[in-house]
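Novice: Same order as they appear, the protein sequences are chains D and R.
For the first sequence, the working numbering assigns the number 1 to the initial residue and increments by one for each residue that follows.
For the second sequence, the working numbering assigns the number 1 to the initial residue and increments by one for each residue that follows.
Because the hints were derived from the structure by calculation, they are not lab data.
Any given hint could be a false lead.
Said to hold, decoys possible - Simulated restraints, written as ranges between beta carbons of each label pair: (1) 311/R with 45/D: 23 to 33 Å; (2) 307/D with 307/R: 19 to 29 Å; (3) 30/R with 280/D: 15 to 25 Å; (4) 311/R with 280/D: 43 to 53 Å; (5) 3/R with 20/D: 50 to 60 Å; (6) 44/D with 3/R: 29 to 39 Å; (7) 211/D with 45/R: 23 to 33 Å; (8) 44/D with 317/R: 32 to 42 Å; (9) 204/R with 11/D: 45 to 55 Å; (10) 3/R with 211/D: 39 to 49 Å; (11) 307/R with 253/D: 21 to 31 Å; (12) 108/R with 281/D: 16 to 26 Å; (13) 317/R with 198/D: 54 to 64 Å.
Virtual Cβ for every residue (Gly too), placed ideally from N, Cα, C.
There are 2 protein chains.
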Amino acid sequence: MIDSNLIENIYKEDRRSIARAISIVETNNSFTSEYLKEIHKKVGNAYRIGITGPPGAGKSTITNQLTKFYRKQNKKVGIIAVDPTSPFTGGALLGDRVRMTDIGMDSGVFIRSMATRGSLGGLSKKAIDAADVLDAAGFDLIIFETVGVGQSELDIAQAADTTIVVLVPESGDSVQAMKAGLMEIADFFVLNKSDRPGSQQAYTALQTILMIKDHDENSWLPNIIKSVASENSGIDDIANEIERHKSYMREKNRFQSKRDHQAKVRIKEIVEHKLKDELWSETGENSLISSLEKVVLGNFSPYLIAEEIIENFKNRI
Amino acid sequence: MIDSNLIENIYKEDRRSIARAISIVETNNSFTSEYLKEIHKKVGNAYRIGITGPPGAGKSTITNQLTKFYRKQNKKVGIIAVDPTSPFTGGALLGDRVRMTDIGMDSGVFIRSMATRGSLGGLSKKAIDAADVLDAAGFDLIIFETVGVGQSELDIAQAADTTIVVLVPESGDSVQAMKAGLMEIADFFVLNKSDRPGSQQAYTALQTILMIKDHDENSWLPNIIKSVASENSGIDDIANEIERHKSYMREKNRFQSKRDHQAKVRIKEIVEHKLKDELWSETGENSLISSLEKVVLGNFSPYLIAEEIIENFKNRI
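Chain D extracted, bound-state conformation:
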């Protein structure tokens, strides 16, 4: 049974209820779908921004400054931060410590960090589900902050209406970003720490790479915005560029077709998860275990046994 009080309290922006709902969503049990189906009618009003890029580019700082910018306009901001590299980049997990003293006490801001460790996949599903909770709770903007080093992080970034790729003027960073698939997903770039030496060369290199990409006069050309986020410089330019992209998307139904595409990707992921749950339910697991006796004997390929399990599954459902 879903708790209708919890849902009512989400709509009332009760922080503890929002936190609990996101935890339910993360657990991904049988209630998850019920809650998300229930709140769906309130979902769709928040504008979703994806911020990604390599470790150390300053994504957390930009997220914080951008949040403060929007708070001055009295907009409510939800932040979903995912960083799979944090154990080894040694930094504050998702910049949380900085964040907490900075914007964490503001009741118009809700921050959720997601660990990838120990998660049995489905990270982008969880992040998007959590965004739906914040959306239903009436947050005006939702920022997904991810480190662009894994497929699921790219998936999350692409679940946004506007995706920002943050780079720093390190030598070759733009070339690395291209290799990492970040060029394809950027609606615009932020060249952060642009007071560093080599900034102008990095800008030119990035511009050159962008010019090589195929485009026609009707297509959106990603801009490059310079910033020094730690000094709050360039944040209004970033906000303006988000607005410009938003206006562009609103023309010619682009916004709707992007959201339709995202819905399609998301439904696929939900279907796969649900089917996996059914597959390894008690009966499925038992059939697997009994098939495994054959592997112990060593005469059968795992591929052969997999085929047998699929046949069993098909007969069962």
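Mind docking chain R on chain D? Use the hints.
Specialist: Positioned in the frame of chain D, the structure of chain R alone reads:
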């Protein structure tokens, strides 16, 4: 139709055929299972070593030195290297450039690098499939080299008979490794670059963490081996520790039960992949597309539509 010449040539250790077979396996088309079922009877003789750890710990260097060590014993070595962070650690992709000039020309060594970018998941499946090809081709040792920052990299490391976690004496590195789940998978640790300052403290810290872990007198206690791989120091200690772990595993049937467990994990992954392929086959994709019209209308939750697609799928199979 599978190419029986190709299979014969794999058994004859023809390098081009091995490379082609691994490419087929990576493509993951309908032939993949057929080839892997066919070669299965020749699989199971290679000893599999997993080497993982944070970026910059020296995994490639250790892999290279260990390979040279085994080559002196006339053992053939296959290397499967996976590095999802490489675009942003700026290094040689999987240490390939170093490797190529060092061991790459040796006909008793086969190196395969796997990109994670653009890969639609299933990385650990591909890596293990590729290891089967090398195993069938008669390689005595297979080394999986992965960066320990993602779930699939941990999965690969765990597909080995002996898993080595490489750390460096940076402050707090062992604590980070614990957070990252590396403590659970290590059969032993290598403290590389142990000529650096702070090495003894790092050793003690790691030892302390290991002592906290639950263990009884019968359980395997992970050792810590010091090395300076770039100077070829400690490599024989690493090889000895691999032998010691191998002997331990061979006692009391532990080796077989570990391989059984790995087979189970692998079969699960194969089943999920095959089912996903069927799910999104032409008919499945069409049913998805028609369901999507409802999303465009905005009245239905993605979770509701997902349930409908699953029903359709069940009726179809």
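Novice: For every hint, state whether the structure bears it out.
Specialist: Outcome of the hint check:
| no. | hint | result |
| --- | --- | --- |
| 1 | 311/R with 45/D: 23 to 33 Å | holds, 30 Å |
| 2 | 307/D with 307/R: 19 to 29 Å | holds, 27 Å |
| 3 | 30/R with 280/D: 15 to 25 Å | holds, 24 Å |
| 4 | 311/R with 280/D: 43 to 53 Å | violated, 19 Å |
| 5 | 3/R with 20/D: 50 to 60 Å | holds, 57 Å |
| 6 | 44/D with 3/R: 29 to 39 Å | violated, 52 Å |
| 7 | 211/D with 45/R: 23 to 33 Å | violated, 54 Å |
| 8 | 44/D with 317/R: 32 to 42 Å | holds, 33 Å |
| 9 | 204/R with 11/D: 45 to 55 Å | holds, 54 Å |
| 10 | 3/R with 211/D: 39 to 49 Å | holds, 44 Å |
| 11 | 307/R with 253/D: 21 to 31 Å | holds, 28 Å |
| 12 | 108/R with 281/D: 16 to 26 Å | violated, 47 Å |
| 13 | 317/R with 198/D: 54 to 64 Å | holds, 57 Å |
Hint violations for this structure: numbers 4, 6, 7, 12, all remaining hints satisfied.
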